[in-house]
Amino acid sequence: METLSNLADGFAIALTWQNLLLALLGCFLGTVMGALPGLGPSNGVAILIPLAFTLGLGPTPSMILLTSVYYGAMYGGRISSILLNIPGDEPAMMTCLDGYPMAQKGMAGQALSLSGIASFVGAFFATWGLIFLAPQLVKIALLFGPAEYFALFALAFMTLGGVSSTNQAKSAFAAALGLGLATIGVDTQTGVPRFTFGEVHLYDGLDFLVAIVGLFALSEVFIFLENRHGAADATKSKLVIGRLTPPLSMLKECTPTMLRSSALGFLAGVLPGAGASLGSFISYSMEKRLVDKKGTFGTGDPRGVAAPEAGNNAAAGGALVPMLALGVPGSGTTAVLLAVLLSLNITPGPLLFANNPDVVWGLIAALFIANFMLLALNIPMVGLFTRLLLIPPRVLMPIVAMVSFVGIYGISGSSFDLLVMIGFGIMGWGLRKFDVPLVPIILGTLLGNTMENNLRRAITIDDGNWFTLIDSPLAVGLWIVALIGFVLPLIIGRKVRKGMHKRRDEEGSIAD
Amino acid sequence: MIFNVTRFAMAAAILGASALTATAQEYTPENPECIAPANPGGGWDFTCRQVGKSLQDQGLLGSTMQVVNLAGGGGGVAYAEVVNKRSNDNDLIVAASSATATRLAQGAYPGNTMDQVRWIGAVGADYGVIAVAADSEIGDLAQMLETMKNDPTAISVAGGSAVGGWDHLKVLIAANAYGIDDVRSIKYIAFDGGGEAVTQLLAGSVQAFTGDLSEARGFVESGDIRVIAVLAPERLSGDFADMPTAREQGVDAIGANWRGFYAPGGMSDAAYDAWVSKIADLYASDAWKDVMEANGLAPLDLQGAAFEEFVVNSVSQIEKISKEIGIIK
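The listed protein sequences correspond, in order, to chains A and B.
Numbering (numbering that gives the first Met the number 0) for the first sequence: 0 to 511.
Numbering (numbering that gives the first Met the number 0) for the second sequence: 0 to 328.
Please note that a few of the clues may not be correct.
Derived lysine to any residue pairs resembling SDA-like cross-links, with alpha carbons at most 20 Å apart [stated by the list, open to error]:
| no. | chain 1 | residue 1 | chain 2 | residue 2 |
| --- | --- | --- | --- | --- |
| 1 | A | LYS138 | B | SER221 |
| 2 | B | LYS148 | A | THR459 |
| 3 | B | LYS322 | A | GLY190 |
| 4 | B | LYS328 | A | GLY197 |
| 5 | B | LYS186 | A | SER414 |
| 6 | B | LYS186 | A | ARG455 |
| 7 | B | LYS328 | A | GLN188 |
| 8 | B | LYS328 | B | PHE309 |
| 9 | A | LYS138 | B | LYS148 |
| 10 | B | LYS186 | A | ASP186 |
| 11 | B | LYS186 | A | THR459 |
| 12 | B | LYS84 | A | SER414 |
| 13 | B | LYS84 | A | LYS138 |
| 14 | B | LYS186 | A | LYS138 |
| 15 | A | LYS138 | B | VAL314 |
Don't read these hints as lab results, they were simulated from the structure.
Bound-form chain A, shown alone (with noise of 0.2 Å):
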């Protein structure tokens, strides 16, 4: 087994006290700012290059160093979604779906310590695979031309609908709003500037980061105003912390959920373009609709917890292939890890595994070393941050006011984008008493822009022939797989629904 002991090599590589340390640093200023609203995995690793540079670090050590603060921001996302409902950076936002209804059932702490492990077996998982199956798996890059990029955006939109609420109407509203939203600024395809009233911080479109912050934070923030003499200081002192560690049962049931989750979530960081929230997105519904039989996905049910965080960390995983392999960065933060090797004299590509077998082999072995050492820093922690629940709300609010304005001013600087931030607030503050999802626009958003492109991509390749979007095997496979998961929910789910209406109903104004 050559792979094998080149792993060895690796780990000899890796394992010196200057690399653990590195990483327990990495590890440790990556859950931080994983969890603060604004800072997520890309902004992380690109403040700390100055740090590595300034330490003159070697390739291997600065990789070391930069992939631990990558897997430690996947790993802190989860943390201020479950007790907040304010994902910390875009894959943590599914698992606000049923992390936060678990901690208002009490359950905090073991959503945080079972989201914990699902990121830790989505991340081992996918570093497996990434050892044995890099070169393979670019492939199945390869398989993805536009119209297959089409189909699976189009699957992710399709299976949408009663992800994030009962009614499938607000849902598609939600979805459209977000498309709309992604519209605004420059069109790549023609070079035409779109809504942007001649505004140049709009040229480039709305930064995602922007919208999440302001409505998941800021709407928090405005109805806590709202209500300030009112319900949310009563519900919140009712809170209780319970157990922190998930029962066996528990962690039984979630099993299959988080393996099947690594693996859905790993192909589509494997794939350039798709990435991790697209993985955390598609393990979630999927997951809902296989095992969802009594509808409680949405209400706290841990394999609502288990699912996306399994998948954005297997994702997380799977886009270093395409970035080793191909030089190609399949997400934001693959794409700064990328200009660091370039820095470091090192060309990803189809010719790093050869030629500098160390930096990846080193890299590979440091990816392990800071799985394992989140784990052993994140559980214990769980404690300590679910006393964050006991912050009093006239506390902690206008801390989280604060922690979003200077965070997103912090990376863009630009008063523009606050402007937009406080847009977004009290759109999300609207939309909430309309009982209208908020995940849904951020996807729209998010993954927009390039369904369009991909779209518009396949029909010009192809001389404006729309049956180009059915003309590969695996095309057709996409759209089969999205009309069932469109199709099948409306006809069978209709009597489950039935009887699970009425309470969700109740539930649905804190459970979006």
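Fit chain B to the given chain A structure using the hints.
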């Protein structure tokens, strides 16, 4: 108008003085800062970070150059910020490239023109390439352009920039030079970056790729793609010597994506000269030659006034092409 006059006076003064100012090195930036007008991970970000690191390694800068990512508007947000708010900052430089010149030429930075900033120098150039998959039936550039001439729908060309962007223009320049009159009929498919475009070439979705040599080199070395033309004046050295130029195939097309820096328009002459000489020293160092070698950058030794003139020329050239092909009126 007054502003323009002072700018020209200043430029003239620099033109005259640049030969003498090589020794005038009194100014030292205290908090050197480089704005990368894009998100982390792109070419501008790379320019800032790599140059910042090398300047520090070489001892040309005492402290770490802080890199700030100010994305938006294809560099327009950063350009407006520098012109409007930080016009007197002596410690600031901003990464630029052919894409900056292209957007300035096409008026894509609303209200801004190229003479509102001071151009410092280039750190290298990335020559354009046109490539096909290794097993493609297309043998050389002339054959591809002939096919396009007869049936524009036969070949889709993928590139990493938006329509009207630099990757697109390179193909159009080549097609124009070959004698294709209606270059707008050429099918160009815009992808998010050169890497994605190459991947789609390998996947067989498109028939040709237009991009920079640095984007293609990994795939050339692995034998996955074949470069049918380098848009350089003459053959490149080293590993790339066996790539044919467009010129030797009878297509007089040259396209280089330069990488360099501009500084705020109100930067003091002392600071400007200090930055110009720092970039010149860096460019002349052996360590930078290694960086260029490793990243597929070709030589482009232009600083100070010479670089300013180069940017003026390239903006007017792009303006002319863009008008010819109808991207701007």
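Hint check:
For the suggested pair LYS138 of chain A and SER221 of chain B, the alpha carbons sit about 15 Å apart, so the restraint of at most 20 Å is met. Distance hint between LYS148 of chain B and THR459 of chain A is fulfilled; the C-alpha atoms sit about 18 Å from each other, no more than 20 Å. A threshold of 20 Å between alpha carbons decides the hint, and for LYS322 of chain B with GLY190 of chain A the separation of about 14 Å falls inside it, so the pair holds. For the given pair, LYS328 of chain B sits about 18 Å from GLY197 of chain A by alpha-carbon distance, which is consistent with the 20 Å threshold.
A distance of roughly 39 Å separates the Cα atoms of LYS186 of chain B and SER414 of chain A; the hinted pair therefore is violated under the 20 Å criterion. Between LYS186 of chain B and ARG455 of chain A the CA atoms are separated by roughly 12 Å; this keeps the pair inside 20 Å, and the hint holds. Between the alpha carbons of LYS328 of chain B and GLN188 of chain A the distance comes to roughly 19 Å, so the proposed pair stays at or under 20 Å and holds. Restraint check: the Cα-Cα separation between LYS328 of chain B and PHE309 of chain B comes to about 24 Å, which exceeds 20 Å; the hinted pair is violated.
As the CA atoms of LYS138 of chain A and LYS148 of chain B are separated by approximately 33 Å, the hinted pair breaks the 20 Å bound. Between LYS186 of chain B and ASP186 of chain A, the direct Cα distance comes to roughly 16 Å. Compliance with the 20 Å bound is thereby established for this hinted pair. Taking the CA atoms of LYS186 of chain B and THR459 of chain A, the gap is about 7 Å. The hint holds against a cut of 20 Å. With a CA separation close to 13 Å, the supplied pair LYS84 of chain B and SER414 of chain A stays within the 20 Å bound.
For a cut-off of 20 Å, the pair hint linking LYS84 of chain B to LYS138 of chain A is broken: about 49 Å separates their Cα positions. Taking the CA atoms of LYS186 of chain B and LYS138 of chain A, the gap is near 26 Å; set against the 20 Å cutoff, the hint is violated. Straight-line distance between C-alpha atoms of LYS138 of chain A and VAL314 of chain B comes to about 41 Å, which puts the hinted pair past the 20 Å bound.
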